[in-house]
Amino acid sequence: MSHISLYLLGGVALWVLGLHALMTQRNALRRIMAVNVMGSGTFMVMVALAARMTPIDPVLQALVVTGLVVAASATAFALRLATTESPVADVDRERE
Amino acid sequence: MSAALLSLTIPLATAMLLLLFRTRAGTVVIVANTASLVAAMLALDAVMTGAREQLSLGNWDAPLGIRFELGPLTAVLLVFTALIHLLVTIYAQASRHSKTRDTDFWPLSCLLHASLAALWLSRDLFNWYITLELLGLTAVAMIIISGPRSHLPALRYLLLSLAASLCYLLGVAFLYGRYGVLDIRMLAEVVVDDPGTRLAMLLLTLGLMLKAALWPLHQWLPAAHAAAPTAVSALLSALVVKGPLFILWMVWSTLAEPGFARQAGVLFAFAGIAALVSGGWAALRTPWLKVLVAYSTVAQLGYALLALGLLLYWQDPEMSIALWLFVLAHGLAKVSMFLGAGEMQATLGSRRVSALKGASQTMPLAMFAFAVAGGSLIGLPPSGGFIAKWVLLQPLLVEPSHWPWALGVLLGTLASAGYVFRVVTIAFNRADPSSPGHDPDTAAQWLAMLPALIVWAMALLSEPLILWFQEVGL
Amino acid sequence: MNAELLFDAALILLLLALAAATLHTRKLYTAIVLFIVFGLMLALTWARLGAVDLALAEAAIGAGLIGVMLLAAFGRSGPEAATRAPPAVLAASVLLCSLLLVLFAQGVWPLANNSAPVPELVNSHLAASGVSHPVTAVLLNFRAWDTLLELVVLLLALLGVRQLHSPNMNLPAAWPLLQAWSRLLAPLSIVIGGYLLWRGSHAPGGAFQAGAVLAAGAIVLRLAGLLPPLRWNWWPMRACVLGGVALFMTIAAAGYWLGSGWLDYPPGLGKTLITLIEIAATVSIAVSLSLLVVGDTREITP
Amino acid sequence: MSEPAVWLYWSSWPFLLGGVFFFLAGTIGLLRFPDAYSRLHAVTKADTLGLGLLVLGLCLRSESWQAVAQMLLVWLLVMASGATACQLLARYQRESDTDSAVSRPRAEPFHNER
Chain D
1 MSHISLYLLG GVALWVLGLH ALMTQRNALR RIMAVNVMGS GTFMVMVALA
51 ARMTPIDPVL QALVVTGLVV AASATAFALR LATTESPVAD VDRERE
Chain S
1 MSAALLSLTI PLATAMLLLL FRTRAGTVVI VANTASLVAA MLALDAVMTG
51 AREQLSLGNW DAPLGIRFEL GPLTAVLLVF TALIHLLVTI YAQASRHSKT
101 RDTDFWPLSC LLHASLAALW LSRDLFNWYI TLELLGLTAV AMIIISGPRS
151 HLPALRYLLL SLAASLCYLL GVAFLYGRYG VLDIRMLAEV VVDDPGTRLA
201 MLLLTLGLML KAALWPLHQW LPAAHAAAPT AVSALLSALV VKGPLFILWM
251 VWSTLAEPGF ARQAGVLFAF AGIAALVSGG WAALRTPWLK VLVAYSTVAQ
301 LGYALLALGL LLYWQDPEMS IALWLFVLAH GLAKVSMFLG AGEMQATLGS
351 RRVSALKGAS QTMPLAMFAF AVAGGSLIGL PPSGGFIAKW VLLQPLLVEP
401 SHWPWALGVL LGTLASAGYV FRVVTIAFNR ADPSSPGHDP DTAAQWLAML
451 PALIVWAMAL LSEPLILWFQ EVGL
Chain R
1 MNAELLFDAA LILLLLALAA ATLHTRKLYT AIVLFIVFGL MLALTWARLG
51 AVDLALAEAA IGAGLIGVML LAAFGRSGPE AATRAPPAVL AASVLLCSLL
101 LVLFAQGVWP LANNSAPVPE LVNSHLAASG VSHPVTAVLL NFRAWDTLLE
151 LVVLLLALLG VRQLHSPNMN LPAAWPLLQA WSRLLAPLSI VIGGYLLWRG
201 SHAPGGAFQA GAVLAAGAIV LRLAGLLPPL RWNWWPMRAC VLGGVALFMT
251 IAAAGYWLGS GWLDYPPGLG KTLITLIEIA ATVSIAVSLS LLVVGDTREI
301 TP
Chain E
1 MSEPAVWLYW SSWPFLLGGV FFFLAGTIGL LRFPDAYSRL HAVTKADTLG
51 LGLLVLGLCL RSESWQAVAQ MLLVWLLVMA SGATACQLLA RYQRESDTDS
101 AVSRPRAEPF HNER
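Chains as they are written, first to last, in the UniProt record's numbering: chain D, 1 to 96; chain S, 1 to 474; chain R, 1 to 302; chain E, 1 to 114.
The shape of chain D in the complex, shown without the other chains (with noise of 0.2 Å):
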């Protein structure tokens, strides 16, 4: 067993605990974080099939760069959107 196994496993680990988190939790800053932690155990497994082989894989490093900026992107839209206020009390009611 290597050290590439244990993080590869942990990335997985991450990724599984984020998405139970994100099926049972309610609260919207709570969801992204656990979308985050869902991004961040996908990075560690890309992280880790990089530094499996020597030289390190510079593709898979690129293509979490990119995968780190857009997910970055999207949280901070996501963030914002879930608390701005929104005027409660003019909705009329429209639930399907």
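In case anyone wonders, no lab produced these hints; they're calculated from the structure. Please note that a few of the clues may not be correct.
[What the hints assert, rightly or not] Taking CB as the label site, the calculated pair distances span:
#1 L407(S) with L14(R): 55 to 65 Å
#2 Q106(R) with G147(S): 46 to 56 Å
#3 P187(R) with Q66(E): 36 to 46 Å
#4 R26(D) with A174(R): 29 to 39 Å
#5 A239(R) with D102(S): 15 to 25 Å
#6 S124(R) with L407(S): 54 to 64 Å
#7 A174(R) with D102(S): 32 to 42 Å
[To be verified] Mimicking SDA-like on lysine to any residue, the simulated pairs with C-alpha atoms at most 20 Å apart in a straight line are:
#8 K99(S) with H165(R)
#9 K27(R) with N27(D)
#10 K27(R) with L30(E)
#11 K27(R) with T98(E)
#12 K27(R) with M23(D)
#13 K27(R) with L31(E)
#14 K27(R) with A28(D)
#15 K27(R) with D35(E)
Where is the CB? At the ideal position from N, CA and C, for every residue including glycine.
Assemble chains S, R and E onto chain D, guided by the hints.
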């Protein structure tokens, strides 16, 4: 290829210019869209006369760089995207009820167009992840144009779409870890059927099904699509959900081994029938007009899923043609339906289905658009929906052992007939018509009708299209 | 070797514990603080796995900027409703997740010893790419299209926030100490940002990390009240945001219609063009991120 | 390794151990101390002294002057930012204390955790 690239570049450049100069001129977008449509048609023409083209971005060949491919299907989809975007922007510019005129709808819809074009052209698993993310973010940003009421469904959509992307990305990571390539065709050459690959395919499939709102992962769609402004709902239902569907089709039709594909195909086909039935049932019961149309999207995606399932189950390439004909016909019909519904809703001042009483009298054009589009969704001849269903049914009817599947199609047809006639009967109830709040906007109603007319005209065009697809493949 | 494994195991357990605590602790504020700690630990993990580029990006963006945004979002959000998922959902989720965990563990286990052909290709073409750091070569040459689209994603996040029409943030008057400190910090962030950008061509670093550091500097200055409000309405601001994508697109299109191919840099010009793109991208990322965190993105109609 | 290098290597141990000790002590203080001010006290001790000793120990082991300069720079920055952050936190705590003394609820969320 240069025409296809032009068709991708024009909307992107237009979005940049609109943002830089802070203009919200719809006419600029319409002109740019026309140019993009012409470019897409030139690309289609090039593919028709020549052959499929490849482009290695940056001249780095596939395992190192990203590959674009312009085949028949990609060219048709480029034209389809540009056409639908053009129709919707003309409506959004002309309609008095369009709530999108003085907003960021214009640059956002251009970005949507560009990201879809990038998705159709790309053949790289990771690049698809970014285009999917682009699609999701644009969709959410466009939904919230309609104001605070849409924030909650938009947030749910955003979170689910993010989770779905990560599901997809984990699948991509597994595939790369196993085979070391990201290009779909190179992957198809080396892929073997083992548990790890199946797991990766499962992850890809779950992520894409959630993004495409395929049953049973469709729950987010009705609220999100119904909450958006009318022009946006039309774009979302007609275009956005088709992006992940394209990737799903691509992944399964190129990567899955026959044995595995047969097993999964049955599941897809059953999910498709379930979508047809449950989506149709929900559309029959909802009191809200736009939610009804949105549920009809869920139901109609069931046909695509059924076609995908049967494609995998029988390994019959005819089914791919049926799938994409459904997508084209549904896209056009759904634009018409959403625009007609939005126009009636805005004029009558209520979101309820019941408010349409007597609409055939007060707003005959919009109602007609709705009904004509509904006819294509049901599959009445000679509409585009009919042609698609015909291509799907032909192999089903040849062999008696396939007849149970035809029963599923029949159920779906009945369900869609049910919700279309539900609206139509209310509209023809002229005893006590609800009076419109404003004057009906005739030009806008004609614009809502236009896509429906095109979908009926598609019946005439589709025979050469089908023959061409059969000849050269998709 | 054993000591290293011990360190790795401890780090992973710590990460898992932090993630679980973040997601399930009772107080939201504690959760956010733990999440920031989680981000920093993640940066350490990336460094341990040899991904220095990523460690820099994670520390600056993942832990830093997202942390600030989370705290700001916490300030805006109301008290947390104490709703818990019904036991049935909880049980179903636990069951599903354990199943997935077992599946994934089996799926991921054999991957540790595989290898991919691409890194060797990268190395053999590195000389032709114009830069000597492989990650930068992949980001800005071999897979430059990904990077271009990623800049569009960042732009879209900004556009999305614009649609919210959220009121301007009311920043409290800053204390003199903070102001003095940010006066010291801002030039430092410019120096570090520039250094990271320059380093990117031959060592870990590059546009994203540099942009994030610059954005952090701008945000601190803005919070200390030393910068005027950052407005979308001001055209140079928009030009900076759009500059990265615009330049990238121009180079791509010019390469296609005048030169040898889409996103193909003419021989000899590779380094220059990459540097130009990196500078534009850095500015674009820095301004976009600052606008996302502390900017005024509304449209003020005259 | 040459003679002075070996000597330097061994002499770095006390510094490193001292650094670890201060970090541990700071962490325990953070967890166990009753109020914000004493917790801040504990944490900043860990930052300045603990990190300082670690940096000193590592400097003794380092091979080049560049590395030494970089580490010293890091230490300086951490110390400065730690001191500033400590001041700001303490000040915030004092303001919210006086506020809650006159029982005016504050809008900001950054209350002490307890």
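- Task: Check each numbered hint from earlier against the structure, then list the numbers of those it violates in ascending order.
- Result: 3, 11
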